[in-house]
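**Student:** Make the full structure from the sequences, and use the hints.
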Amino acid sequence: MLRDVTLGRFYDNDSFLCRLDPRTKLLGLIIAIIGIFLCSSIVSCSFTLACVIALMYLSEVPLRHIFRGMRPFFILLAVVAAMNIFLVPDGVFRSVLICLRVIEVVLVSNLLCLSTRPRSVASGVQTSLGWMKRFKVPVNDIATIVSVALTFVPLLADEAKRIRDAQISRGADFSKGSLFRRAKASLAIIVPVFVSAIQRSEDLAVAMDCRLYGCTEPTKLHPLSYSYEDAAAYICIFTYLCIVILMKVGRL
Amino acid sequence: MISFKNVSFCYPSYGQEPKKALADVSFTIPDGTFVGIAGNMGSGKTTLCSLMSGLLKPTSGQIERTGSVSFAMQFPENQLFEGTVIKDVMFGPLNRGLSEKEARMISEKCLASLGLGESFFDRNPLRLSGGEKRRVALAGILSMDADTIILDEPCAGLDPKWRDRLYGILQDLNRKGKTVIIVSHNTDDIARYCRTMLYLKSSELADIGNVGDVICRHEELENSSMAFARRLSEAGMEIDYKKAVTTEDLASLIADRQSSL
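For the record, the sequence lines run as chains R and D.
Under our numbering, the residues of the first sequence are numbered 359 to 610, in order.
Under our numbering, the residues of the second sequence are numbered 2 to 262, in order.
These are calculated hints, taken from the structure and not from any lab test.
Even glycine gets a Cβ: it sits at the ideal position worked out from N, Cα and C.
Heads up, some of the hints might be wrong.
Derived CB-CB ranges, DEER-like [what the hints assert, rightly or not]:
#1 R/Ile-556 <-> D/Gly-116: 26 to 36 Å
#2 R/Glu-575 <-> D/Ser-27: 50 to 60 Å
#3 R/Asp-531 <-> D/Gly-68: 11 to 21 Å
#4 D/Ser-14 <-> R/Ala-555: 22 to 32 Å
#5 D/Ser-27 <-> R/Ser-585: 48 to 58 Å
#6 R/Ala-436 <-> D/Arg-218: 51 to 61 Å
**Tutor:** Structure (structure tokens):
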């Protein structure tokens with residue numbers, strides 16, 4: 359399951375989605391999620407699903423990489439579906455709807471992670487929230503936090519796997535026994551990963567301090583710029599939003 | 002015994018071609034050998050150790066191993082997690098099914114052999130110094146009492162005194178019949194303590210054999226005694242510098258030269 363984490367893992371290809379400005383993709387993600395949660399019928403859900411499939415095609419990322427990030431959500435989906443089927447009137451329809459929504463949201467989020475470098479996401483956040491600097495919001499720091507967090511997620515996942523292997527070579531078994539026993543055994547992974555994460559963050563903070571982080575307003579090596587593709591993407595995003603709102607109003 | 006037959010291994014890679022870490026490697030390590038593995042960074046040493054210990058499965062080829070294997074990864078101090086030193090070292094023996102009394106006995110012995118006396122037993126391992134943490138982690142590996150012990154750069158970060166002491170302990174274990182496999186960039190250490198050497202180059206097994214022979218065959222493996230002997234030879238002393246694999250070899254070469262004058 360540790361290898362299934364897609365957060366912060368960039369799939370390097372020259373697809374349409376990959377070339378888009380991160381600001382376009384961030385706004386697209388927000389609108390896509392709003393659209394997905396506005397859907398309350400099978401027709402509108404099918405429309406948003408078709409849009410997600412189109413995005414998957416445009417990303418040119420192999421399906422196994424996109425769906426790998428879905429695996430950890432299957433347990434959640436199973437629990438939600440079961441609760442809806444047995445506890446809610448009209449449960450089958452509701453559980454299908456909820457599962458579809460969750461799957462779509464996860465797929466769209468995975469696509470953003472796979473098609474955008476963590477640094478670009480941070481840069482997009484920094485530029486998009488630039489107006490907040492007038493209100494003394496530390497936008498640069500927020501962007502750095504996003505960038506570091508996205509970069510560290512796959513590193514910590516790899517670290518957790520390494521520590522798991524190390525404990526297995528000391529005879530630990532994480533796959534046998536009762537749930538309580540397994541939870542207790544997983545402490546042998548959780549504690550070292552936390553210690554390592556805290557140690558890494560301290561080291562990083564010192565290294566950033568040594569390189570004068572925060573002393574001046576940083577300049578950008580690669581300033582963000584929009585292209586014609588971004589204009590086309592914005593048209594698609596707002597068309598999508600309009601269609602979803604019309605479907606909602608028209609009870610489709 | 003560990004035997005590799007045409008073993009290759011590729012790491013899956015996101016959005017790129019799978020990374021080849023080992024290509025068509027074949028060798029056999031008999032029981033009771035002290036083996037040193039050398040190679041440049043990224044040559045596949047750690048992958049080889051993970052395959053030998055069974056943590057990774059080969060992409061192609063066959064691996065056969067007999068007896069139990071314990072593997073100390075690089076920076077084993079990162080795997081410490083228990084509240085006290087003694088509990089952390091006992092983790093492995095308890096997983097092996099030993100009683101608490103037996104596990105404690107073997108753990109205390111391993112800690113003592115690495116210079117960590119009773120005063121350390123109830124201390125929090127996460128609050129020890131870097132070198133002490135390393136020794137606790139290595140005690141945890143030694144307490145597994147496996148037939149084959151694989152250590153990936155065990156001496157990185159240890160001072161010379163503890164490096165020699167650790168190699169001494171490993172030599173003792175080897176004399177008692179254990180197979181010891183170490184990864185090291187230091188060919189002085191490998192020449193001094195190991196009998197067999199594996200040399201990896203660009204994910205391939207470049208050479209395997211007697212330590213002295215392997216070091217002689219590859220200029221890039223030249224260690225400090227051989228480099229010193231070469232300088233003496235270049236300065237006019239008639240010695241075969243390639244025979245100076247260890248400091249002892251160098252001393253005897255110089256002694257022989259002096260007696261022949």
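**Student:** Would you mind marking each hint as holding or not holding in the structure?
**Tutor:** Each hint, compared with the structure:
{"no.": "1", "hint": "R/Ile-556 <-> D/Gly-116: 26 to 36 Å", "in the structure": "holds (28 Å)"}
{"no.": "2", "hint": "R/Glu-575 <-> D/Ser-27: 50 to 60 Å", "in the structure": "holds (59 Å)"}
{"no.": "3", "hint": "R/Asp-531 <-> D/Gly-68: 11 to 21 Å", "in the structure": "holds (19 Å)"}
{"no.": "4", "hint": "D/Ser-14 <-> R/Ala-555: 22 to 32 Å", "in the structure": "holds (24 Å)"}
{"no.": "5", "hint": "D/Ser-27 <-> R/Ser-585: 48 to 58 Å", "in the structure": "holds (53 Å)"}
{"no.": "6", "hint": "R/Ala-436 <-> D/Arg-218: 51 to 61 Å", "in the structure": "holds (60 Å)"}
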